[in-house]
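Student: In case you want the letters, here they are:
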Amino acid sequence: MKCMKCLRACPTNAVFIQKDRVHINHSKCINCGKCLDACLNQGLQSKGSTLVDISNYDYTVCIVPSSMISDYKTHEQVEELFYAIKLLGFDEVIDISDIEGQVTKEAILLSDIERGKSLISSFCPVINKLIEVKFPMLLSSITAIDYPSEIAARQIRKRCSDKGKVGIFNCCECIAKLNLAKYPYGNHQFEVDHALAIVDIFPIIKANMGKGKLPVTLCKEGLQSCNPAMMMLAENHLVADGFDKVCNILEHAEFGLLNEFDLLTLFPCFNGCLGGNLLWGNSYLTKNNIHQLCKAKEKPISDLPFEEIYGESTIDNVNDMRSIQEKLVFFSKVNQQLEKLPGFDCGACGFASCRIMAEEIATGKKTLEDCRIHRNEVIQDESK
Amino acid sequence: MQVINQQFIVERDDYANAGKVSSQVKQTLNQIGIPGELLRRVAVACYEAEINMIIHAWGGTIQCTLEDNGELTLTFKDPGPGIPNIDKALTPGWSTASEKARQLGFGAGMGLFNIKRVSDHFDIQTSPQGTTLTIGFLVTS
Numbered sequence: 000m001k002c003m004k005c006l007r008a009c010p011t012n013a014v015f016i017q018k019d020r021v022h023i024n025h026s027k028c029i030n031c032g033k034c035l036d037a038c039l040n041q042g043l044q045s046k047g048s049t050l051v052d053i054s055n056y057d058y059t060v061c062i063v064p065s066s067m068i069s070d071y072k073t074h075e076q077v078e079e080l081f082y083a084i085k086l087l088g089f090d091e092v093i094d095i096s097d098i099e100g101q102v103t104k105e106a107i108l109l110s111d112i113e114r115g116k117s118l119i120s121s122f123c124p125v126i127n128k129l130i131e132v133k134f135p136m137l138l139s140s141i142t143a144i145d146y147p148s149e150i151a152a153r154q155i156r157k158r159c160s161d162k163g164k165v166g167i168f169n170c171c172e173c174i175a176k177l178n179l180a181k182y183p184y185g186n187h188q189f190e191v192d193h194a195l196a197i198v199d200i201f202p203i204i205k206a207n208m209g210k211g212k213l214p215v216t217l218c219k220e221g222l223q224s225c226n227p228a229m230m231m232l233a234e235n236h237l238v239a240d241g242f243d244k245v246c247n248i249l250e251h252a253e254f255g256l257l258n259e260f261d262l263l264t265l266f267p268c269f270n271g272c273l274g275g276n277l278l279w280g281n282s283y284l285t286k287n288n289i290h291q292l293c294k295a296k297e298k299p300i301s302d303l304p305f306e307e308i309y310g311e312s313t314i315d316n317v318n319d320m321r322s323i324q325e326k327l328v329f330f331s332k333v334n335q336q337l338e339k340l341p342g343f344d345c346g347a348c349g350f351a352s353c354r355i356m357a358e359e360i361a362t363g364k365k366t367l368e369d370c371r372i373h374r375n376e377v378i379q380d381e382s383k
Numbered sequence: 000m001q002v003i004n005q006q007f008i009v010e011r012d013d014y015a016n017a018g019k020v021s022s023q024v025k026q027t028l029n030q031i032g033i034p035g036e037l038l039r040r041v042a043v044a045c046y047e048a049e050i051n052m053i054i055h056a057w058g059g060t061i062q063c064t065l066e067d068n069g070e071l072t073l074t075f076k077d078p079g080p081g082i083p084n085i086d087k088a089l090t091p092g093w094s095t096a097s098e099k100a101r102q103l104g105f106g107a108g109m110g111l112f113n114i115k116r117v118s119d120h121f122d123i124q125t126s127p128q129g130t131t132l133t134i135g136f137l138v139t140s
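Heads up: the protein sequence lines correspond to chains A and B, in order. The first sequence: position 382 = 381 (numbering that gives the first Met the number 0), numbered continuously. The second sequence: position 131 = 130 (numbering that gives the first Met the number 0), numbered continuously.
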């Protein structure tokens with residue numbers, strides 16, 4: 000297949016096609032999943048762990064995020080869901096809405112301390128990676144708070160230290176979280192052992208629904224934290240969802256236009272985590288469900304000390320070791336090559352833009368003859 | 000040798016495209032991989048100056064040059080009407096922006112002051128025939 004849909008969809012130009020195969024440049028990839036959404040032929044897929052892995056552990060725990068719960072309207076159904084997940088073979092099924100509630104609150108507290116800095120909340124791995132790749136000047140604005148699933152996993156590890164080999168599984172609502180557990184970046188001591196794609200386990204869960212109940216209490220603040228429209232807003236907080244809008248906000252922040260806001264909470268998916276691409280429900284319906292669920296009996300937000308939720312580095316510190324001089328020389332070289340290329344960004348060479356092709360030529364990985372348009376012109380000149 | 004030499008045209012009262020040039024300049028500098036803190040200063044200064052051109056001046060041209068020794072220069076040239084009192088214009092909070100500009104969220108009176116604050120080199124020449132603002136940065140690792 001040579002549709003190049005993934006090449007066009009990638010917001011960071013991380014996708015390239017060589018010899019009819021799609022490759023991903025991992026230093027540029029932000030795990031947003033746009034290439035997978037664009038792929039018409041299921042040629043590109045992101046695979047989670049499988050339930051077979053459960054048998055490798057003495058004690059297994061499954062973490063359920065609020066966005067997964069959002070598919071059910073009543074508290075009884077949520078309790079059935081937890082029992083259905085337990086039937087997959089887990090010893091424990093854990094709801095983390097209390098921790099989600101705490102990190103949200105903690106981010107607001109942090110932003111109140113550091114007023115005027117426009118902190119950016121760090122709960123979405125896509126946003127963290129996006130800033131690293133496209134908006135590096137905002138790196139210092141990301142709050143140093145870990146992902147809720149990670150915080151939960153650390154607590155489980157501590158609590159279950161006497162239970163032998165503990166396996167922690169995280170149900171993931173989006174590709175970013177799936178990849179975060181599979182190929183952790185930045186945060187090197189990753190506690191989640193396996194990531195399960197919710198769509199993969201959905202058929203079995205559906206079959207198990209109604210077989211029993213597991214008592215659960217949910218935390219309202221945590222449930223609300225997965226949707227931008229439901230987050231408690233103060234006048235100095237900004238919440239945005241949708242990839243383009245988020246990029247626009249980050250650009251504004253770079254120009255120093257958002258200094259009046261102390262905290263930016265950004266979701267690259269429409270309707271926040273409820274719009275995760277591994278969920279099956281319509282995100283507007285699930286938003287309504289969350290509203291209903293918030294009326295049920297409440298669990299208070301967790302009360303973990305700050306060092307437990309602190310995430311030292313949520314981002315990769317890929318240091319470009321080249322000096323400014325070397326960077327400038329390389330940039331000039333790329334520009335020289337770019338002038339020889341047609342500039343249509345046609346993608347026929349397999350790279351998303353002529354600039355990337357020019358970089359490849361400058362590093363010697365490709366030659367000018369690999370550009371189809373350039374080669375065509377040479378052939379035409381020769382035949383004259 | 001010049002690593003970058005780019006020219007842009009800015010139209011008067013073109014609020015719809017406000018910030019596009021700054022975006023491009025920023026993108027180019029990002030491609031080189033210059034450090035984030037410096038990039039931020041350049042972005043803030045360039046944006047402020049570009050907006051000034053749109054709301055106060057009758058449009059103009061923006062030139063961005065980067066020498067291979069790391070000297071980055073941004074030159075903003077407009078055809079008028081000039082700044083009557085340059086000392087006042089450099090005072091934070093002092094603004095002559097039109098009502099239309101203020102309604103759109105511009106014209107807080109911090110522009111020139113902010114540009115001077117973040118740049119390494121600052122020079123402004125003004126007359127009724129036009130204003131030339133030159134700001135410089137030193138790109139180091």
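Calculated directly from the structure, the hints in this document are not laboratory data. None of these values were measured; they are calculated from a predicted model. Think of the CB as a built atom: it goes at the ideal place given N, C-alpha and C, for glycine as much as any other residue. Accuracy of the hints is not assured; some may be wrong.
Here are the simulated DSSO-like cross-link-like pairs (lysine-lysine), alpha carbons at most 30 angstroms apart as the crow flies [unchecked claim]:
| id | chain 1 | residue 1 | chain 2 | residue 2 |
| --- | --- | --- | --- | --- |
| 1 | A | K365 | B | K99 |
| 2 | A | K332 | A | K286 |
| 3 | A | K298 | A | K27 |
| 4 | B | K19 | A | K27 |
| 5 | A | K4 | A | K162 |
| 6 | A | K383 | B | K19 |
| 7 | A | K365 | A | K104 |
| 8 | A | K326 | B | K115 |
| 9 | A | K157 | A | K133 |
| 10 | A | K365 | A | K383 |
| 11 | B | K87 | A | K133 |
| 12 | A | K133 | A | K205 |
| 13 | A | K133 | B | K19 |
| 14 | B | K99 | A | K244 |
| 15 | A | K4 | B | K19 |
If you want the footprint, here are the derived chain B segments under chain A, 3+ residues with CB under 8 angstroms [said to hold, decoys possible]:
| id | region |
| --- | --- |
| 16 | 26-34 |
| 17 | 57-69 |
Have a look at the derived ranges for each label pair, beta carbon to beta carbon [unchecked claim]:
| id | chain 1 | residue 1 | chain 2 | residue 2 | range |
| --- | --- | --- | --- | --- | --- |
| 18 | A | F329 | B | T95 | 55 to 61 angstroms |
| 19 | B | Q30 | A | G363 | 15 to 21 angstroms |
| 20 | B | Q30 | A | N235 | 30 to 36 angstroms |
Student: Now look at each hint and say whether the structure bears it out.
Tutor: Quick rundown of the hints versus the structure:
Restraint check for A/K365 and B/K99: not satisfied, since their Cα atoms lie roughly 52 angstroms apart, outside the 30 angstroms limit. For the given pair, A/K332 sits about 51 angstroms from A/K286 by alpha-carbon distance, which is inconsistent with the 30 angstroms threshold. Distance hint between A/K298 and A/K27 is unfulfilled; the C-alpha atoms sit about 40 angstroms from each other, more than 30 angstroms. A C-alpha spacing of about 24 angstroms is found between B/K19 and A/K27, which places the hinted pair at or below 30 angstroms, so the restraint holds.
With a C-alpha separation of about 48 angstroms, the suggested pair A/K4 and A/K162 falls outside the 30 angstroms cut-off, and the hint is violated. Between A/K383 and B/K19 the CA atoms are separated by roughly 44 angstroms; this puts the pair beyond 30 angstroms, and the hint is violated. At roughly 50 angstroms between alpha-carbon atoms, A/K365 and A/K104 are farther apart than 30 angstroms, so this suggested pair is violated. Among the hinted pairs, A/K326 with B/K115 is consistent with the structure: their alpha-carbon atoms are about 27 angstroms apart, no more than 30 angstroms.
Annotation: proposed proximity of A/K157 to A/K133 is violated, straight-line Cα distance about 37 angstroms (limit 30 angstroms). For the proposed pair A/K365 and A/K383, the alpha carbon gap of about 27 angstroms is at most 30 angstroms, so the pair holds. Annotation: proposed proximity of B/K87 to A/K133 is violated, straight-line Cα distance about 37 angstroms (limit 30 angstroms). With a CA separation close to 40 angstroms, the supplied pair A/K133 and A/K205 exceeds the 30 angstroms bound.
Taking the CA atoms of A/K133 and B/K19, the gap is near 16 angstroms; set against the 30 angstroms cutoff, the hint holds. Among the hinted pairs, B/K99 with A/K244 is consistent with the structure: their alpha-carbon atoms are about 25 angstroms apart, no more than 30 angstroms. Straight-line distance between C-alpha atoms of A/K4 and B/K19 comes to about 27 angstroms, which keeps the hinted pair within the 30 angstroms bound. With a threshold of 8 angstroms between beta carbons, the proposed coverage of the region 26-34 of chain B by chain A holds, since 5 of its residues qualify and at least three are required.
A count of 3 residues in the region 57-69 of chain B with a Cβ less than 8 angstroms from any Cβ of chain A is obtained; the coverage claim is therefore met, three being the minimum. For the pair A/F329 and B/T95, the beta carbons lie near 44 angstroms from each other, so the given range of 55 to 61 angstroms is not met. Restraint check, B/Q30 to A/G363: a C-beta distance of roughly 19 angstroms satisfies the suggested window 15 to 21 angstroms. The beta-carbon spacing between B/Q30 and A/N235, approximately 34 angstroms, falls within the hinted interval of 30 to 36 angstroms.
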